[in-house]
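Novice: Spelled out, the chains give:
There are 2 protein chains.
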Amino acid sequence: MVGAGNVAWHLAKGLSLKGYKIVQVWSRTIESASELAQRVNAEPAEDLDSLTPETDLFIISVSDSAITDVVSQFNHSGSLIVHTSGSVSMNELAGRSNSFGVFYPLQTFSKYIPVNLAEVPFCIEASGNKELGLIREVAQSLSSNVHEINSEDRLLLHLSAVFASNYSNFMYMLASDILDSRGLSFDLLKPLVAETAHKVITSAPSRVQTGPAKRGDLNTIDKHIKLLASMPEYAEIYRLLADKIRQRFHS
Amino acid sequence: MVGAGNVAWHLAKGLSLKGYKIVQVWSRTIESASELAQRVNAEPAEDLDSLTPETDLFIISVSDSAITDVVSQFNHSGSLIVHTSGSVSMNELAGRSNSFGVFYPLQTFSKYIPVNLAEVPFCIEASGNKELGLIREVAQSLSSNVHEINSEDRLLLHLSAVFASNYSNFMYMLASDILDSRGLSFDLLKPLVAETAHKVITSAPSRVQTGPAKRGDLNTIDKHIKLLASMPEYAEIYRLLADKIRQRFHS
Chain C
2 MVGAGNVAWH LAKGLSLKGY KIVQVWSRTI ESASELAQRV NAEPAEDLDS LTPETDLFII
62 SVSDSAITDV VSQFNHSGSL IVHTSGSVSM NELAGRSNSF GVFYPLQTFS KYIPVNLAEV
122 PFCIEASGNK ELGLIREVAQ SLSSNVHEIN SEDRLLLHLS AVFASNYSNF MYMLASDILD
182 SRGLSFDLLK PLVAETAHKV ITSAPSRVQT GPAKRGDLNT IDKHIKLLAS MPEYAEIYRL
242 LADKIRQRFH S
Chain F
2 MVGAGNVAWH LAKGLSLKGY KIVQVWSRTI ESASELAQRV NAEPAEDLDS LTPETDLFII
62 SVSDSAITDV VSQFNHSGSL IVHTSGSVSM NELAGRSNSF GVFYPLQTFS KYIPVNLAEV
122 PFCIEASGNK ELGLIREVAQ SLSSNVHEIN SEDRLLLHLS AVFASNYSNF MYMLASDILD
182 SRGLSFDLLK PLVAETAHKV ITSAPSRVQT GPAKRGDLNT IDKHIKLLAS MPEYAEIYRL
242 LADKIRQRFH S
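As given, the protein sequences belong to chains C and F, one line each in that order.
The first sequence begins at 2 in our numbering and counts up by one.
The second sequence begins at 2 in our numbering and counts up by one.
Hints should not be assumed to be uniformly reliable.
When chains are identical, the list treats them as one kind, so a pair holds in a single copy or across two.
In silico DMTMM-like links for lysine to aspartate or glutamate, alpha-carbon gap of 20 Å or less [to be verified]:
#1 Lys215 / Glu55
#2 Lys224 / Asp65
#3 Lys227 / Asp178
#4 Lys19 / Asp57
#5 Lys224 / Asp57
#6 Lys245 / Glu234
#7 Lys191 / Asp181
#8 Lys224 / Asp181
#9 Lys227 / Asp154
#10 Lys112 / Glu32
#11 Lys14 / Glu234
#12 Lys19 / Glu44
#13 Lys227 / Glu93
#14 Lys224 / Asp154
#15 Lys227 / Glu153
#16 Lys19 / Asp178
#17 Lys224 / Glu93
Hints are computed from structural coordinates only; laboratory data are not their basis.
Bound conformation, chain C alone (with noise of 0.2 Å):
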């Protein structure tokens, strides 16, 4: 396991729970690839070179952005190789090794909370039928949701899953501090938040929208911006997709 990060954490032991033996986690430091290697009974490794080429998989699960710099360094030409990111083109591996493939669970991950893989998307792709062969069984063993989805098609998923989830997450966030500001609990709209992620699990998004944009209520709009006036970025953000929300439903 090449990362130690929240989603490198999830798939270790998840892939361990399945009877997989993971054999070596790298990290960019000692200190987190430790923390997991301990958890999933496996060593941890000091630098890429250190990592032994008797591995059938090598997982890079590092942050998208560090993706090239570590495929760079790494030297195993006859192994296969995959990354789990969303937004990286599965080319970016070729070149190091004739075997290589991606592992995208489409999930959000954060370290120290529990996640049901499962039901996880597996979007996978190879560069070969023996590849996917592999990378699939994986996958198979770990959720019961696994697609081939191809590069092109996995940077859109991923955009939309970068508003589906951190763009939702960041509107909750927003309505935390609106909250906090004058020391009302979040836990009020708990039963809010997850309601509205209920209905879109059998109705369409479009289909339930709510709320004074979508009714057109431009007196409450109005309102509530008048109330963010001591928070002119969240005012903004609220305008916009007041706007958008009511040009989408009333033109």
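Please build the complex by placing chain F on the supplied structure of chain C, with the hints as guidance.
Specialist: Structure of chain F alone, referenced to chain C:
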């Protein structure tokens, strides 16, 4: 029940299930009044003048922008009147009756999608103690999550709910549109949407923020914005939110 929209629908059904008698349902169109009236064994009311004064509670559950207009036509000065709005001050009801209050369920409602009212936070407010007692009794019959909240705090809650629900749903919608543009299914994102919402039930949103903007990964942000070249409206939203997240975590 004065109104037959999304909120009125769920409240009338919930109250009816708890043994309250819904006497009449009024709505701007007799069709929607009849549709709801039929389901809760009530009479549809042709106009506001035909509402019987022999009622313990008038619930005004029309859109925020229609409340003032509806209230101005109301002439049951002896009765307890409440509205169900997050953004309208309680005092909008003063003058039409001596007994008034607010009964605001903090949830997103769509007519035909069932909601578990038992967990919905009800924000209540009243013109006096007697009124507060009755409103609390009714709210507690539906939910174990009842809070006395004044008009000012309620407006702030409503504003935060726009971010946490309306705007997060809009993020799902943008994600869905982006996937549609290349024939990919929104189903792929459903485990992610569920997990993102689930995380903030136990963790603060700021602690579980992930993604390229959070990491300051300009290269990935750039790839995403390029991918949105043919969807400039989406690129504008993407860019603003990426900037705000970066400012928040990297300055």
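Novice: Going through the numbered hints above, which ones does this structure break? Give me the numbers in ascending order.
Specialist: 1, 5, 11, 16
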